[in-house]
Amino acid sequence: MAYSKEFITDLYRKLLGTRLSEEKLVAIYKEGRVPGHIHSGVGQEATHVGSLVTSKEGDYFKLAHRVVSISSVLGVPFNNIYAEILGRQDGNSRGGGGVNHIADFSKGILGMSGTLGCDMPFAVGAAYRLKLEGKDNIVYCYYGDGTSNRGPVHEAMNWAAAWKLPILFIMDNNQWAISTCIYESTAIENPGADRAAAYGMTSKIVDGTDVLAVYEATKELSEYVRAGNGPAILEAKNYRWRGHFEGDQCKYRDPAITEKWQKKRNCVKRMENYMLENDFISEDEIKTMYEEIDAELNAAVDFAEASPKATAEDLFNNIFA
Amino acid sequence: MQVTYGQAVADALREEMERDEMVVVFGEDVAQHGGIFGITRGLYEIFGEDRVKNTPISETSIIGVGAGAALTGLRPCIELMYSDFLLVAFSEIYHCVAKWRFMHGDQYKIPMVIRAAAGSAFGAGAEHSNCVESLFMHTPGLIIISPSTAADAKGLLKSAIRSDNPVLFFEHKQLYQVKEEIPEGDYTIPIGVADIKREGTDITIIAMGLMVKKALAAAEKLAAEGISAEVLDPRTIAPLDKEAIRKSVEKTHRAIVVEEGNKTGGIGAEIAAMMQEEMYDELDGPVLRVAALDVPLPYDVALELVCVPNEDKIVEAVKALF
Chain G
1 MAYSKEFITD LYRKLLGTRL SEEKLVAIYK EGRVPGHIHS GVGQEATHVG SLVTSKEGDY
61 FKLAHRVVSI SSVLGVPFNN IYAEILGRQD GNSRGGGGVN HIADFSKGIL GMSGTLGCDM
121 PFAVGAAYRL KLEGKDNIVY CYYGDGTSNR GPVHEAMNWA AAWKLPILFI MDNNQWAIST
181 CIYESTAIEN PGADRAAAYG MTSKIVDGTD VLAVYEATKE LSEYVRAGNG PAILEAKNYR
241 WRGHFEGDQC KYRDPAITEK WQKKRNCVKR MENYMLENDF ISEDEIKTMY EEIDAELNAA
301 VDFAEASPKA TAEDLFNNIF A
Chain W
1 MQVTYGQAVA DALREEMERD EMVVVFGEDV AQHGGIFGIT RGLYEIFGED RVKNTPISET
61 SIIGVGAGAA LTGLRPCIEL MYSDFLLVAF SEIYHCVAKW RFMHGDQYKI PMVIRAAAGS
121 AFGAGAEHSN CVESLFMHTP GLIIISPSTA ADAKGLLKSA IRSDNPVLFF EHKQLYQVKE
181 EIPEGDYTIP IGVADIKREG TDITIIAMGL MVKKALAAAE KLAAEGISAE VLDPRTIAPL
241 DKEAIRKSVE KTHRAIVVEE GNKTGGIGAE IAAMMQEEMY DELDGPVLRV AALDVPLPYD
301 VALELVCVPN EDKIVEAVKA LF
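Respectively, the protein sequence lines represent chains G and W.
For the first sequence, my numbering assigns the number 1 to the initial residue and increments by one for each residue that follows.
For the second sequence, my numbering assigns the number 1 to the initial residue and increments by one for each residue that follows.
Treat the hints with care, since some could be wrong.
Quick list of in silico lysine-lysine cross-link-like pairs, PhoX-like style, CA-CA up to 25 Å [what the hints assert, rightly or not]: (1) K247(W) <-> K179(W); (2) K109(W) <-> K131(G); (3) K219(G) <-> K107(G); (4) K242(W) <-> K56(G); (5) K5(G) <-> K135(G); (6) K221(W) <-> K109(W); (7) K319(W) <-> K263(W); (8) K264(G) <-> K251(G); (9) K213(W) <-> K242(W); (10) K53(W) <-> K131(G); (11) K135(G) <-> K109(W); (12) K213(W) <-> K247(W); (13) K219(G) <-> K164(G); (14) K309(G) <-> K264(G); (15) K313(W) <-> K309(G); (16) K287(G) <-> K24(G); (17) K197(W) <-> K247(W); (18) K135(G) <-> K197(W); (19) K5(G) <-> K30(G); (20) K107(G) <-> K213(W); (21) K309(G) <-> K287(G); (22) K319(W) <-> K251(W); (23) K56(G) <-> K24(G); (24) K53(W) <-> K164(G).
No lab work stands behind these hints, which were simulated from the structure alone.
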């Protein structure tokens, strides 16, 4: 596939922005500047970036609890993302939701449940709405391998297929649910794709650390869903680089395997190598991009920390419409 | 105009669907079959398969799909058959629907009504007879309505459908066939406003749903014995019309709460606690509760009737305060 320089550099910038933000969250958490928890998505960015760049105006998104920085790719400013994570007035819920609920409805983000999987039916409901509208918009619904064993996920997939709704389920299979490996809890090799046939859906498996492969696979499936063929499942193979939450020492798994993924399947490095080999970008340009994004993120942290905290009086104003 | 409670609900649904094409109805067996209680009969034929849909037996998703549709512009009025099944979807309602706006900000709203049939129905057994309203009263973010008359059912369902907030709407199974006078045409009843179903001066009987009928029958008996009972129907359990309760006890200075659910941790517990905290000076005695026995409702009808409140139990409780 021949890509334009503009497309490749834009894709890379989104990938790098997501990576550096995920790293920034880890860093500021270590410094004690985050009130809640951080579920780092470092290493899994390509799955989310590569798929989301196929979206268009009018689509809806049910994002996942890992790689929360991804909402920046949908146009949510880092300032507001960090304000929400730090529990400030400039966050979307003014400190009511926090890291798992970064959202902006004007960007099509539906929101997310901290009880993972309970939000999958919400995405199906949005797809029903889109189907009634009759345009070619779709819902991008992200979920993890661990979540895939929950009842609402099964219900949502069966329902979406039965009503032939325009929704693309994207499994970020990082192989770990806190300390339980997916292959300990699940008997099948591909917990996303292998189940598709049972619902009457089509599916694909992709290397979730290859952003261009994710893009191509998503492009194919999203076009299939947009054309009114009903839902589909894309399973992206990944590995959770860090603990379930920051502070988790991962004593339950072999660090050698983690290191192998970090060295050989680093989605950002892979993209950089590809771009350098194909003359899309120079080392200097990459360096400049790192510096620009880092400055943007530092400014976002400063902005968030300067944003006032919500007051106790605000609590009662945010419940009912 | 005289219609049954069930017909009043059906009329509200049909009229709201005619008024606003964003109103959709889905749930188990609601389309061609018209719902197992017959309330949605005819809607499929009028509004078609896009707006009136059968769903899989997936209660969690009936709630969640409704919420997602509501977030994105529809106004779903979904049917969950027996209100007992709301507990299958407890997390979906309690964590997601009720808190979504709080957790995501004021760009988000869920204009959805969840209709369900509540209460004992002569031998439906321990999993098809419950009144679970109090469980949902515990979380902020939900409006809970439990109408006792056909007129209230129609007016309140219309308000619920027009509300931008999630509403749990409990219809009592034993009331569906009760025929009553209702106003002509399009009318609404505001959410959060109680109604005095019978005026009295000696005691306030606070009752909801089917229990309003029992309370009225008890009030009749009490009148014969010289006790003037006021029957106050909150109609909406959340938000609760505390002002109406205050106004009534300022007159009567005594109160009991009648509910069909289990006594422990029930609506009566909440109302009684609220009254002793906020209206203590007005009370000449304790706020007593008449509720179901704290046992699972039995299948045997004679035993079922032992468990749920009736007019004699209410009369007995009232007399204990004099």
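Here is how each hint holds up against the structure:
1. K247(W) <-> K179(W): Violated, at roughly 30 Å.
2. K109(W) <-> K131(G): With Cα atoms ~20 Å apart, K109(W) and K131(G) stay inside 25 Å; holds.
3. K219(G) <-> K107(G): holds (20 Å)
4. K242(W) <-> K56(G): Violated, because 49 Å separates the two Cα atoms, which is more than 25 Å.
5. K5(G) <-> K135(G): violated (31 Å)
6. K221(W) <-> K109(W): violated (47 Å)
7. K319(W) <-> K263(W): With a Cα-Cα distance of about 19 Å, the restraint between K319(W) and K263(W) holds, given a limit of 25 Å.
8. K264(G) <-> K251(G): The hint holds at about 22 Å.
9. K213(W) <-> K242(W): holds (21 Å)
10. K53(W) <-> K131(G): holds (14 Å)
11. K135(G) <-> K109(W): Judged against 25 Å, a Cα distance of about 23 Å means the pair holds.
12. K213(W) <-> K247(W): holds (22 Å)
13. K219(G) <-> K164(G): Roughly 19 Å separates the two Cα atoms, so the pair holds.
14. K309(G) <-> K264(G): violated (42 Å)
15. K313(W) <-> K309(G): violated (53 Å)
16. K287(G) <-> K24(G): The hint holds at about 17 Å.
17. K197(W) <-> K247(W): holds (14 Å)
18. K135(G) <-> K197(W): violated (50 Å)
19. K5(G) <-> K30(G): Violated, at about 37 Å.
20. K107(G) <-> K213(W): violated (50 Å)
21. K309(G) <-> K287(G): Given that 25 Å is the threshold and the Cα spacing comes to 35 Å, the pair is violated.
22. K319(W) <-> K251(W): Measuring from Cα to Cα gives roughly 18 Å; hence the hint holds.
23. K56(G) <-> K24(G): violated (28 Å)
24. K53(W) <-> K164(G): Distance of about 13 Å is within 25 Å: holds.
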